[in-house]
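Student: Given only the sequences and the hints, what does the whole structure look like? Please build it.
Protein sequences appear in the order of chains H and D. All letters in the first sequence, in the order written, are residues 48 to 1025 by this note's numbering. All letters in the second sequence, in the order written, are residues 77 to 153 by this note's numbering.
A couple of the hints might just be wrong.
Quick list of the computed label-pair ranges, beta carbon to beta carbon [as the list claims (entries may be wrong)]: (1) D:R145 x H:R397: 47 to 57 Å; (2) H:G752 x D:I141: 25 to 35 Å; (3) D:V99 x H:T93: 20 to 30 Å; (4) D:V99 x H:K766: 25 to 35 Å; (5) H:K766 x D:V109: 20 to 30 Å; (6) D:G129 x H:N283: 58 to 68 Å; (7) H:K657 x D:V109: 53 to 63 Å.
Read the hints as simulated data drawn from the structure, not as lab findings. Idealized CB from N, CA, C, for every residue including glycine.
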Amino acid sequence: MAHIKVIRRSMRPEEWTDLRFGWLKRYIYEDKFEIENIKVRNARQTGENDYEFYPEGWQPLKKGDMYFTPDGTAFFEADVFVPEKFRGRELWFSLKTAAEIIVKCNGKYVGGVDPNRERILLTPYIDGSTSLHFEMEGYNRSKPDDERNPESLSVRGCRQIFEGAYLAVINHTALDLVYDLELLLDIAKSESFNEDYRAFINRELNNALNLIDFDDVKNEDIENARKYVNDVIFANDDYKGSGDVALVAHSHLDLAYYWRRIHSVQKNLRTVLIQLRLMDRYPDFKYTHTQPQTYEMLEKYYPEVFEELKEKISSGRFEPVGAMYVEPDCNIPSAESLIRQCLYGQSYYREKFGKTVDNAWLPDVFGNSWILPQILLKSGVKYFVSNKMSTWNDTNRFPHNNFIWRGIDGSEVYACVPPTHFITWNAPSGVQENWDAYQDKNTGGQTLQMFGYGDGGSGVTEEMIELMHRFPKVSAMPKTEHLGGSEFLHKNFDGNQNLEKWDGELYLEMHRGTFTTKSDLKRLNRRLEYKLREAEIISTLKFLKGAEYPYGEIRDCYKILLTNQFHDILPGSHIHPVFLDTVKELNEVDARLESVIGTGEKYFNSLNFKREHLTFIEDVNGHSERLGVKGNWVIPNLAALSSGEIPWRTFAGEWCEIGDYVTTPFYKIKFNKDGSIESLYDRELKREWTNGEFNKLKLYKDNPGVYDAWDILPNYKEKEVPYRIISPLKTIEKSSECAAFEVVIGTEKSVWKRIIRVFRQSRGIEVENQVDWHEKHVLAKAQFDCNVLTREAVCDLGAGFIKRETHRNTSWQQARFEVCHHKWFDMAETDGGIAVINESKYGVGFYENSASLSLLRSTIRPDIESDMGRHEFCYMIYPHPKDFVTAEINNIAYEYNIPLVKADLTCENSFGELFLQTMKMSENGKMIVIRLSEQNGKRGRIELSGKVKILNMLEDVIGEATTLEYSPFEILTVGIMI
Amino acid sequence: MENYVKNILAPKLQGDGGWIDFVSFEFGVLTVVFQGECSKCLILDRCIDWIKGEIKRDLGIDCEIKAVRKKPFFWDT
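Tutor: In structure tokens, the structure reads:
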């Protein structure tokens, strides 16, 4: 017999209250006047402030008409004469819409309407005028600001029905009661509050609403109901809450995500404008806004609003936070990129607002590298805020919220990982949930609650502020205090001796796929990071020979790269047009930097150590081919920071035997037909390096679900995707320096060519991959089962290394089944190990003696076409004697990643053992800035030939020295006056 | 028609997280596949009407549109 669910049809008292609450909202508008002569002009945005208009031109827009187009912007105009009965009253503009509309009235920016707010106060901005001219710009998209908001979710879609625009007068008595009810109903429905208190609220709200006859609603009855709420519910303090919650108004703005970056210019304007208008109405309201890049865009395109913003910053109500230029991904960018995020971000804040911001505000980033604390501290940042680890970890509960974060070099910053999401609606339940989840109640002071709509901006609403003003009336709630971001941090961290400490990376136990998704962006990012280094070093040395230094060009190029390191761009979690925009922009930067670097007669070694490992040098007459380019494999033997000829000499002897085994001066190798290595015997070290599948291409079904581009699940190895060998391994080159073997394998949809190279003069075994990739939900990895007994793998972080356990003893190791690394990883015993060096890959997994380098993914959300098409990339297997430091794996990886360029330059100083991370002209043009990075975990000193200025990373002079003492993983910045 | 769908319509829908692929245009019927956000859009019919209007304006063709939604399995619940 089928089960028949019995549905209760009579109304429960709580539902009766809800119903009356809905009715009450109808009385918010005391009077409305429809604006009937609206005209609309459809367009599509093509640049930051450029539009392509549809041919129809201006069209009338009437209630019930369709408006907006896919990825469309619409411009509206209307003229209205204020009716007699509205004059002298507080006048509002009302427009219920799913779009994001910026509204100007009589030439002034009066505010914005969007799915989260439908009205704008006009009176203060129209100077009593009775003739109103509206100009509006709206952008509609199918993805609402926050998918957790059912109201905005229900109106998603490209084509909307115009519901009319109105002049309106508000019934403040009704509106006040609506807010009272909003607050109390949220408590009544929340299991976070005491059951008896909720029963009390339900009972008394019913009594309050009984005072209103909903068949004949009178204002005095609404007033009486309000009085009842105040005198009975708010006056009751029998139910005691506990806790102390700081409420910080904030709007998270993804510069690109389900929208192109160009749209963030208007999203930001709308967000800023809405907050400024709320400040006009609520004198106690203050708002916290990140990303200097967004301020820069506002200044460029909307100077009038920017000037108003500056005033509010001066008065302390609009608070710039976040020292970084954008909110970047904090796993993949290099140390220098993270430093430049701070340098250019802080430079802008200093120049425009006279402020050095002392916090990093990164609520949404997908984990944070261990190198970050030092970079922040030396960039004037003492406080770090990032939410994800508390709310998104899939395995372990991150144990702290307010704590000290200790970085790789021992630098310590105050860190706040708020207990709840960075987008909240400032409802009592959210405040209570935050306090309940807060783990540092006894040591951390207040807990941080950010409130405001976000992702696509928008921010705080009138409703959120009204509710906040009522919080002190609710005895059962935690104590709350509305603070700015910096106020919260200073108040709760400064001098706090009780804070717990976390020493290590802030690994996010989620979004592990973002180390690999959109492989082209990772490749371009790596390439440009080093190319910028090259351009700056060469430009500085040219400057010393009398040339102009290209300040503007380098800064522009850097800012484009930094913007595209945003945490939904570089990680690959965005729609297809964002990918196209980024590739285009980064390729343009590449071309601009080529021009800055120029050329010369000789090869230039920009590394500050002798370049003595095998390198591929392009030559149209070369004997080898790599990535489709002719050239030769040579050992440059170029001294540090010098230029010279690199002669090519043919080696006449026999160095490589090819039979069942391939024998080189270093190895005796047994290849499998698929290009994997069955045996890699080290002839020098007399040991076998393989213990299972080695250099084996593995394809896995990769189905993480809705967070497709973001996540790899721990069970990804459960289902392998078979492939076949189209063309078995064959020899394609045997020259005097290199022997190469090619195999072509394929699935039903994809073709993967692998070229494996062994060398006469190098221990490296290079694997070139040429892939025509058309999979769906497949993760490609290269597996290395090493004949190495180790419990830890060493991973390059770009400015130092981290050791990660390879066992799965506890849930903390289990959760780290896929981690981020930079140029190399290494698995070793005390007398030798295997490094794998890459030039564009970041994701890697370890288990016991095995490593698997992530190569490609094929996700379909948010981008159907993610990673489809042609890919070319290389990595190098590098078995080595001794440990990775003695074997100079880091230096070899730099040589592998930084191609030689032609420039006839030299530099006398090579700066000792530290890595020359940067050589540039200071932003003020008065110094040469040298940045040196200790990356091997050593302590030491450098004797200098003269006195230098000691700088922080913002290029402020903080001292002088003739000797530089350094400690493990320290990054030093010095200035040489010119 | 195929070029129009690919080069004119598709970039616009992609800008909203959607996706449209041309399948065929025969006997006045344009068959297209919708993916991405379009595949689960509650008001896709409105967009299809708009597409008809765009085709009429730009190509001078009155057509019917056969829309196939290709929704990923993880959105089926």
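Student: Checked against the structure, which of the hints given earlier come out wrong?
Tutor: none
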